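*Asks:* So the protein sequences, as listed, match chains A and B. All you need for my numbering is the position in the first sequence, starting with 1, plus 246. All you need for my numbering is the position in the second sequence, starting with 1, plus 246.
It is possible that part of the hints are untrue.
No copy labels: a pair is met if it fits in one copy or bridges any two.
List of simulated lysine-lysine pairs, DSS-like, C-alpha gap at most 27 angstroms [stated by the list, open to error]:
#1 Lys389 to Lys410
#2 Lys389 to Lys264
#3 Lys315 to Lys276
#4 Lys264 to Lys315
Source of the hints: derived by calculation from the structure; they are not laboratory data. Everything numeric in this text was worked out from a predicted model, so none of it was measured.
Protein chains: 2
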Amino acid sequence: MVGTGPGSIEHLSPRALKALQEADVIAGYKTYIELIAPIVEGKEIISTGMTREVERCRAAIQRARGGQKVALVSSGDPGVYGMAGLALEILHRENLFDQVEVEIIPGITSATAAAALLGAPLMHDFVVMSLSDLLTPWEVIEKRLALAAQGDFVVVLYNPASHKRTSQIRRARELLLQHKKASTPVGIVRKAYRDGEEVVITDLEHMLDHPLDMFSIVIIGNNQTQRMGNFLVTPRGYAL
Amino acid sequence: MVGTGPGSIEHLSPRALKALQEADVIAGYKTYIELIAPIVEGKEIISTGMTREVERCRAAIQRARGGQKVALVSSGDPGVYGMAGLALEILHRENLFDQVEVEIIPGITSATAAAALLGAPLMHDFVVMSLSDLLTPWEVIEKRLALAAQGDFVVVLYNPASHKRTSQIRRARELLLQHKKASTPVGIVRKAYRDGEEVVITDLEHMLDHPLDMFSIVIIGNNQTQRMGNFLVTPRGYAL
């Protein structure tokens, strides 16, 4: 289970590169496989669309049981809204741990990739949440947003919106505004380290003026987060 | 500002490697510079102890103002309890953004490095917190722990304990136990991807039976987190 980082091969670890090179089969969502195309050229590819994760995992596991080396690819880190959990669940339920050797290879996750492009918004305690309610009841997401705001955490939102899901981010903003000021700085990064990269610094008041989709990460500051030059910074509290 | 990842050079990105190779001066905490010694051999090193961050940053900035290429090194990611925020703050306060060109190069942060060694405990919404109260009032940390537990977040603790700070982790455990079961799985990773690496899966009841220090990351599950084989997994909720 290989994390390929935010996008460009510049951010892929040597361990991940080696695993991809040694693999007989590469399995993953097709958009992410395209990002690493030069590395996996000529290999067998198991590539399915965005919502076919279970199918893709089962196919990967079947190849591994047959003795092939399979790289199950997630962009970012495989353990943060990636494929690692699902693959381990299937192996566990089907009692396959003695048939398949597993290694999880971490990658740079979108939260820290986006943060690096914005400056240093994650220097203090933060929450990572997905706004996708496909697999999580919306009430749970609402509750967590409210608690995160109450705790003055920096909040990182994965999957803030999609073509079909547009109301969630509006509601999330309302909940955050109950405990965070409208002037709280917000960073939006789309396609971090990929072609078409966009980096925006705005605030809770104006964040919905900017386009958001499944390629966007939204980072909402805590009560100390400030714009400094072109950067967004959450001070840690050093005496200067 | 360069993130060198969890430890071994296997997890350092090509972008970070290139920045280290091109730098005239390497600045950072000495333990972390030792981990990348083969790469930075022969270069000028500005290395100070753990609590001398401000001094180290100022020295790095002074060299950069003098026209040298400086790599200010953080292990993990420079933006997660690393050096990026402090350096940007100093540049901002001293009005130096037009004198020093800045790039923040992300790295694999300890939370995801530890998670990969444990399995996939961060597959659902999580909180990243530091238990160090050197720079943050302890009341704020207590409040955040309580809210994180209430929200059934997976909780990742950085800096859980040091030689001097031993009571914080005991109190944190008490607060988490107010909303999480004693049987909640806990993963402890010490020195991830370094010599002496230790990986333990335990639970909230027994977590204090294991040694904890500044090299440890503690991950406390949510109410779905399970031990599966030798792995710790937080299911995302796929129908299987």
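*Asks:* Any hints this thing doesn't respect? Which numbers, in order?
*Replies:* 2
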